[in-house]
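If you count by the numbering used here, then the sequence shown holds residues 6 to 198, one letter each, in order.
Calculated from the structure, these hints are not laboratory results. Note that the structure is predicted; figures quoted are calculated from it, not measured. Hints may be right or wrong, so weigh each one.
Pair by pair, the computed Cβ-Cβ distance ranges are [said to hold, decoys possible]:
1) 166 with 144: 47 to 55 Å
2) 83 with 120: 49 to 57 Å
3) 148 with 121: 29 to 37 Å
Ideal placement from N, C-alpha and C gives every residue a C-beta, glycine not left out.
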Amino acid sequence: LTQRPDIRRTEAQLASATANVGNARAQFFPTIQLTAQGGYQSAALSALFTPQAVFYSAAASLTQPIFDGFRIQSNFELQKARQDELVQTYRKTVISSFTDVNNALVAIRQTNEQLKALNQVVAASRRAFSLAEQRLLAGTADTTTVLNTQQTLFQAEDSLAVARLARLQAIVSLYQALGGGWALTAEGPLDAI
6 LTQRPDIRRT EAQLASATAN VGNARAQFFP TIQLTAQGGY QSAALSALFT
56 PQAVFYSAAA SLTQPIFDGF RIQSNFELQK ARQDELVQTY RKTVISSFTD
106 VNNALVAIRQ TNEQLKALNQ VVAASRRAFS LAEQRLLAGT ADTTTVLNTQ
156 QTLFQAEDSL AVARLARLQA IVSLYQALGG GWALTAEGPL DAI
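Kindly generate the complete structure, drawing on both the sequences and the hints.
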């Protein structure tokens, strides 16, 4: 299911919201800035590059968020609520994807059972048509009986073709529900449907 674009999208949104919560939490702490400078200074140009003209300066500043406390707290609560909302959206997306997969698997199972039954109907219809033709040749059946058994055979074959199509559509639905886009790799064999 990790192949599904909707799951990937909500997962990325959740990761972004989690990072935003961390950023909002970091705003509660003071910020420290360190700067350093170095160079040469001298009143006379001839003494500029002497060892006594070298200077170094280091500074540190501390900024404490004192007056923005309510704004920072509100921003933190907003980001936390947004993260909680995206957690619920992610759960809903995962449950929806499981439902899609389950529906596709049920459809495949049902169409497989239907195909099995329709194969038996087609086989029986073929036998009935063959017997009707033999009876027609023997003179014990009329043309109407043969045509009726032939029509039954055609209807059974048509139903079988429709069921095969439904099975293929169910397989495509499963492929879509699982996210699709797989590539064969040398790591291991893929399970067949």
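TODO: May I ask which of the numbered hints given earlier this structure violates, with the numbers listed in increasing order?
DONE: 1
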